[in-house]
Amino acid sequence: LEARTGGRAPGACRLGRPASSILPFMATSPRCSGLPQAALSAYGAFVGRHPLLVFLSSFPVFALLCLGWLRIGDGGKDAYTTRRFEEQWTRVGGGLDEQIQFVAKEWKLNRDPWHQEVLYTTLVGKGARAGADMLTREMLKESMRLYERFVQLEVNTSRGKRYTTWDLCARGSVPDDPALPVKFPCKIIDPLSCFGDYTQFLDPLYLQHLDSSGAPGLLSYRSRPALDNISDADVKGTLSQGCSWFTDRAKWGPAAWSGKREWNASLLARAGVLNWAMYLDGPGRIAPRLNLTKPHLALESDIREALGLHGRAWSEAVAAFSAESPLIASATVDADALNSLEAAFGKPDWSVVAVSGVLINVIISLSTASWTSPLASRCNLAGQGLGVASLALAAGWGLF
2 LEARTGGRAP
12 GACRLGRPAS
22 SILPFMATSP
32 RCSGLPQAAL
42 SAYGAFVGRH
52 PLLVFLSSFP
62 VFALLCLGWL
72 RIGDGGKDAY
82 TTRRFEEQWT
92 RVGGGLDEQI
102 QFVAKEWKLN
112 RDPWHQEVLY
122 TTLVGKGARA
132 GADMLTREML
142 KESMRLYERF
152 VQLEVNTSRG
162 KRYTTWDLCA
172 RGSVPDDPAL
182 PVKFPCKIID
192 PLSCFGDYTQ
202 FLDPLYLQHL
212 DSSGAPGLLS
222 YRSRPALDNI
232 SDADVKGTLS
242 QGCSWFTDRA
252 KWGPAAWSGK
262 REWNASLLAR
272 AGVLNWAMYL
282 DGPGRIAPRL
292 NLTKPHLALE
302 SDIREALGLH
312 GRAWSEAVAA
322 FSAESPLIAS
332 ATVDADALNS
342 LEAAFGKPDW
352 SVVAVSGVLI
362 NVIISLSTAS
372 WTSPLASRCN
382 LAGQGLGVAS
392 LALAAGWGLF
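Quick note: the sequence shown, position 215, residue 216 per this note's numbering, numbers continuous.
Take the hints with a grain of salt, since some may be wrong.
To be verified - The following label-pair restraints were derived from C-beta to C-beta distances:
1. Leu219 <-> Gln242: 12 to 20 angstroms
2. Tyr44 <-> His116: 56 to 64 angstroms
3. Lys261 <-> Val104: 27 to 35 angstroms
4. Ala395 <-> Glu343: 21 to 29 angstroms
5. Glu87 <-> Ser214: 16 to 24 angstroms
To be verified - Using 30 angstroms as the maximum straight-line C-alpha spacing, the simulated DSS-like pairs for lysine-lysine come out as follows:
6. Lys237 <-> Lys142
7. Lys237 <-> Lys261
8. Lys237 <-> Lys188
9. Lys188 <-> Lys162
10. Lys142 <-> Lys252
11. Lys184 <-> Lys162
12. Lys252 <-> Lys106
13. Lys188 <-> Lys127
Hints were generated in silico from the structure; no laboratory data involved.
Here a beta-carbon is modelled for each residue, glycine too, at the ideal position from N, C-alpha and C.
The whole structure should be built from the sequences, with the hints applied where relevant.
Okay, structure coming up:
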């Protein structure tokens, strides 16, 4: 093959004479043979000699092609889009389009001072009760031991301010009345509120003055069945109807506080999982609520710190209960989990970036090097292209 082609493989590039005797290994511009390389070489040379002509002839072509993407509409209403950059690359009404709109709407909503954080806690059977039905008197009573710890949680900030669950939980933004500081029940979605046993988790003043007052819209906890007075079948019958909060305007259905449900017609036969959703108010709601009864606790910076401490204290309480309980295993999602994820995802892993950079350079070098004809290697050209791509990538980071 080399004899027939004058010592060169078809399509190979032949280097000219050395540009200088001082640099014997540096060659002048290569002269390429073979149709693809020759055509590309001729095209590049033409563009280099006539850049303005190439621009004036090619730009209108691309501009005309781009016009095909525009839908002018009546009066040119569609000539300009108000959609976000990310939305322009999706099909209108498609799944990805809906996801992008949701993220754009909800993103950083958790930073709003009135945003309510939620502590999601899950309970399942363990040991001999693994996979067991959680809708029994035994399991519900056991879960109440953990529930009581939530109600009794207290945290101290770095400035020595003490906050309780009653100070932080979601129970409305109306300021507490110093004359009668009644605390309405915390907003917690759970199955325990179906039963009269829940009175042990209520504010004593609320239980005394409002629970049985018969005020319009209020539902008494005392009138609900007690676990000690009913059977497991009665428990399921009660839970099947959902559990009301303190008001007739809020009712938590089984889907909100249970998992692995099995039904027998309209009766809830069993559930292998219990879920609690415990709402904590945002600093913007807590501060005005405490302003009259506990003004020393009404500083938003202290409240924000207390919320973080409370979430961590609850996580520790759940872990401790799960370790000591012979019947129930429990786990919770920290209320500050979203903020932690945002912080983690916002920090590049520079070790991975460095290793990736080294690997891609090695791969490019090995795939473009010529071990038999080093001067005909394309390593230098490939390296320059990789450098251009890297600069473009670095510049693109500014868009995000």
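Hint by hint, here is what the structure shows:
no.	hint	verdict
1	Leu219 <-> Gln242: 12 to 20 angstroms	19 angstroms, holds
2	Tyr44 <-> His116: 56 to 64 angstroms	58 angstroms, holds
3	Lys261 <-> Val104: 27 to 35 angstroms	30 angstroms, holds
4	Ala395 <-> Glu343: 21 to 29 angstroms	23 angstroms, holds
5	Glu87 <-> Ser214: 16 to 24 angstroms	53 angstroms, violated
6	Lys237 <-> Lys142	14 angstroms, holds
7	Lys237 <-> Lys261	14 angstroms, holds
8	Lys237 <-> Lys188	23 angstroms, holds
9	Lys188 <-> Lys162	24 angstroms, holds
10	Lys142 <-> Lys252	21 angstroms, holds
11	Lys184 <-> Lys162	20 angstroms, holds
12	Lys252 <-> Lys106	27 angstroms, holds
13	Lys188 <-> Lys127	28 angstroms, holds
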